[in-house]
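**Q** Please arrange chain F on chain X, whose structure you already have, making use of the hints.
Number of protein chains: 2
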Amino acid sequence: MGRQELLSRLAQRNGRRIVLLVLDGVGDLRTDAQPRTALDEARTPHLDRLAARSSLGRLVPVGTGITPGSGPGHLALFGYEPASPETDIGRGVLEALGLGLDILPDTVVARGNFATVDREGLLADRRAGRLPGAEGRRICARLASRIEAAGDAPGDALGNAVGDGIEIEVHPGEAYRFVLLFRPRPGTPPLGAELADTDPQRLGVAVPPVEAAAGAGEEARGTAARIGPAVAALQAELRDEERANGFLLRGFSKLPALPGVGELHGLRAAALAGYPLYRGVAKVCGMEIVDCGGSFGQVLDRLEERWDDFDYFFLHVKGTDMAGEDGDLPAKVGAIESVDALLPRLLDLGPDVLAITGDHSTPAPMTAHSWHPVPLLLRSENCFVDECPRFTEVEAIRGAIGTIPASDLMGLLLANAGKLAKFGA
Amino acid sequence: MGRQELLSRLAQRNGRRIVLLVLDGVGDLRTDAQPRTALDEARTPHLDRLAARSSLGRLVPVGTGITPGSGPGHLALFGYEPASPETDIGRGVLEALGLGLDILPDTVVARGNFATVDREGLLADRRAGRLPGAEGRRICARLASRIEAAGDAPGDALGNAVGDGIEIEVHPGEAYRFVLLFRPRPGTPPLGAELADTDPQRLGVAVPPVEAAAGAGEEARGTAARIGPAVAALQAELRDEERANGFLLRGFSKLPALPGVGELHGLRAAALAGYPLYRGVAKVCGMEIVDCGGSFGQVLDRLEERWDDFDYFFLHVKGTDMAGEDGDLPAKVGAIESVDALLPRLLDLGPDVLAITGDHSTPAPMTAHSWHPVPLLLRSENCFVDECPRFTEVEAIRGAIGTIPASDLMGLLLANAGKLAKFGA
Numbered sequence: 440m441g442r443q444e445l446l447s448r449l450a451q452r453n454g455r456r457i458v459l460l461v462l463d464g465v466g467d468l469r470t471d472a473q474p475r476t477a478l479d480e481a482r483t484p485h486l487d488r489l490a491a492r493s494s495l496g497r498l499v500p501v502g503t504g505i506t507p508g509s510g511p512g513h514l515a516l517f518g519y520e521p522a523s524p525e526t527d528i529g530r531g532v533l534e535a536l537g538l539g540l541d542i543l544p545d546t547v548v549a550r551g552n553f554a555t556v557d558r559e560g561l562l563a564d565r566r567a568g569r570l571p572g573a574e575g576r577r578i579c580a581r582l583a584s585r586i587e588a589a590g591d592a593p594g595d596a597l598g599n600a601v602g603d604g605i606e607i608e609v610h611p612g613e614a615y616r617f618v619l620l621f622r623p624r625p626g627t628p629p630l631g632a633e634l635a636d637t638d639p640q641r642l643g644v645a646v647p648p649v650e651a652a653a654g655a656g657e658e659a660r661g662t663a664a665r666i667g668p669a670v671a672a673l674q675a676e677l678r679d680e681e682r683a684n685g686f687l688l689r690g691f692s693k694l695p696a697l698p699g700v701g702e703l704h705g706l707r708a709a710a711l712a713g714y715p716l717y718r719g720v721a722k723v724c725g726m727e728i729v730d731c732g733g734s735f736g737q738v739l740d741r742l743e744e745r746w747d748d749f750d751y752f753f754l755h756v757k758g759t760d761m762a763g764e765d766g767d768l769p770a771k772v773g774a775i776e777s778v779d780a781l782l783p784r785l786l787d788l789g790p791d792v793l794a795i796t797g798d799h800s801t802p803a804p805m806t807a808h809s810w811h812p813v814p815l816l817l818r819s820e821n822c823f824v825d826e827c828p829r830f831t832e833v834e835a836i837r838g839a840i841g842t843i844p845a846s847d848l849m850g851l852l853l854a855n856a857g858k859l860a861k862f863g864a
Numbered sequence: 440m441g442r443q444e445l446l447s448r449l450a451q452r453n454g455r456r457i458v459l460l461v462l463d464g465v466g467d468l469r470t471d472a473q474p475r476t477a478l479d480e481a482r483t484p485h486l487d488r489l490a491a492r493s494s495l496g497r498l499v500p501v502g503t504g505i506t507p508g509s510g511p512g513h514l515a516l517f518g519y520e521p522a523s524p525e526t527d528i529g530r531g532v533l534e535a536l537g538l539g540l541d542i543l544p545d546t547v548v549a550r551g552n553f554a555t556v557d558r559e560g561l562l563a564d565r566r567a568g569r570l571p572g573a574e575g576r577r578i579c580a581r582l583a584s585r586i587e588a589a590g591d592a593p594g595d596a597l598g599n600a601v602g603d604g605i606e607i608e609v610h611p612g613e614a615y616r617f618v619l620l621f622r623p624r625p626g627t628p629p630l631g632a633e634l635a636d637t638d639p640q641r642l643g644v645a646v647p648p649v650e651a652a653a654g655a656g657e658e659a660r661g662t663a664a665r666i667g668p669a670v671a672a673l674q675a676e677l678r679d680e681e682r683a684n685g686f687l688l689r690g691f692s693k694l695p696a697l698p699g700v701g702e703l704h705g706l707r708a709a710a711l712a713g714y715p716l717y718r719g720v721a722k723v724c725g726m727e728i729v730d731c732g733g734s735f736g737q738v739l740d741r742l743e744e745r746w747d748d749f750d751y752f753f754l755h756v757k758g759t760d761m762a763g764e765d766g767d768l769p770a771k772v773g774a775i776e777s778v779d780a781l782l783p784r785l786l787d788l789g790p791d792v793l794a795i796t797g798d799h800s801t802p803a804p805m806t807a808h809s810w811h812p813v814p815l816l817l818r819s820e821n822c823f824v825d826e827c828p829r830f831t832e833v834e835a836i837r838g839a840i841g842t843i844p845a846s847d848l849m850g851l852l853l854a855n856a857g858k859l860a861k862f863g864a
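Residue numbers (our numbering), protein chains in the order written: chain X, 440 to 864; chain F, 440 to 864.
Think of the hints as simulated: they come from the structure by calculation, not from any bench.
Careful, some of the hints might be misleading.
One copy or two, either will do: identical chains are not told apart, so a pair holds if it fits within one copy or between any two.
[Claimed, not checked] No more than 25 Å apart at the CA atoms, straight line, and that leaves these computed lysine to any residue pairs for SDA-like:
(1) 861 with 842
(2) 861 with 843
(3) 861 with 715
(4) 861 with 616
(5) 861 with 555
(6) 722 with 491
(7) 861 with 526
(8) 722 with 629
(9) 861 with 520
(10) 861 with 810
(11) 861 with 562
(12) 722 with 524
(13) 722 with 616
What you are looking at is a predicted structure, and each value in this text was computed from that prediction instead of being measured.
Only chain X is shown next, with the shape it has when bound in the complex (with noise of 0.2 Å):
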């Protein structure tokens, strides 16, 4: 038996409420060049007291050496299994989950890049010189058009798509980014997202048709042959353009179908967090999006209004991780301070559970993601009171918890709070 299925088994359902604070990327190193971590410079009263009250602990974000991305290292704090192919988010769902769309369930969603061909049609610039981000807007835009006027109109390959029953939104991205949505209309054959990348990832190429995955079956062929054309009409009404005159899709994916944490363990759950990425990743494992700002103190705002509606709480900060991709080690101690000074407010709501950890780390030294494990604080009524002073990195080795999986941590959540039944008799 699975571990989650295994949770979901001795969940108990109970008044106590779970907070879990996310400090993305708070998890640091000691190095040569920086013999200090954030947490260790930080000067933080309220997490210091905290700490001597709890149990510490180290998260392995999805296994040994595994630097995971935001998608992965969150879907693991919330029970999943990181790394595999249920809870794989494809970049396509990714990409339109950061920017905030609301995907469903039977969507196709492709990460596509504004490129530029030559005369001959072979590929010249796969990020056409890296648009800026007000052209991208204008060529969604004009596409965006360009689909409207289709209608279902017959002879026009766009419009047969669309009167073949698929909706094709597009929305534009960060810079050359964009994504393109394809839905099926109630009542038309399902949608399949095994589509091989029309990225040929060399210069010099022409831009490859949609078409299915290498051992992909009838659905991804059938797809290939509705979508494909209508992409192809979208390609040929960029011609005119100086730079953006064609584009490349990444990443086909459809929504995993996961059981959510409500389903799982009884949970009424609510995300917390400013940036549409952590929001939609939070959607996927079925919580409900608490609208707000990414200062924490605007999560707490609201926080402080919804306390009575959930049982379980994911707030999110992303400050640390943007400091420490940054490189900027003063930032990221200011970001764990500012945590620190509005902490009471958290603390005063009096969560049954409060753990505080982070995605994983997103160490100065490296300005990007690692493998290194993130350190953990957990309080609660029955938490071991270890003998960690202090919440940082060295302190977390010796913790009560141990170093475990990240996908651990909602059983030891559920744990604390009362909501798992004995096992066995």
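**A** For chain F alone, coordinates are given in the frame of chain X:
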């Protein structure tokens, strides 16, 4: 998805070099009788300085409480799951690798014991009175002559097997041991290794003929029929010997067909080991064997010569294990100090990632391999510099790497070398 498959999917090549220095059996015990381990006792100024800039941790070779042989111990260090049917290196193959024989994938290998049978043909001594090596070599030469003389003579059981396309080789091992190889000539049917031992494991019974193992398929049954009479003819050849007038065969096996570390991880991997067994296991894992002597100095000589040719180097030091097997703590301390003295030569090469560990513990008080976790030292630009001032068993308990399966080490080395892409976006 299995861990090895995940690592393989994330593989990215670069020029950075990984060195894995295996101090065979280095882990030791603190007991009532031996209050300090060899690593505790050794004077190791260079290792100490390195430890102060490294991450420490511990490796569990196969599983908690499982004492590994050298084969599984090394397979785990190379990233393979050591307790799976795919990585099972049979006794026959292991013995042949230990003799430095070049085994081909189609060859069936058995490990033999010369034995004594009485006048009724019943087993009287399973090791022929622990026959000395010179006698074993003489008898092997006699068997080899018999094989050569048989040619493919019809009417001779051995000749029939040869005529049926089977090459037979005999190689002496230590004392009463030898190895028997059966290889099908091109164009003849393959041989199966699912054959039962011909060792009844007790005295006073007849030595059974070669038979397919219980539940084995057609290939093994055919193989038994083809090689059985030849084995009987070789037994008959020894009838007039005084002590070694028979033999027992065990561990029929073929090389496991493992994907190599090059194929899996994009590594150009070299093994520098003085002892054939370790070279053999490295070869099974797709490494190139760099011929060298058994001392650490000799290993370093070749390492310096071949530094530009590879990006993964497995260095093997045997002295620590031998001293442990002898229960000789001072010798083990000496073996460690010898490595320490030459460590600057290794560090001067500037490996991007350096791991120092063992394939298992060989505690001197036990004079044998054991199940205890093995200390690990890992140094790279992005290792977490923890608070462990020396490379010892006790310091390793509180190291930043924690206690992890030995088969996780490969992923950690690859991550530290920047040879793994991020998982998910």
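**Q** State the violated hints by number, sorted upward, taking the hints as numbered earlier in the document.
**A** Going through the list in order, the structure violates hints 5, 6 and 11 and respects the others.
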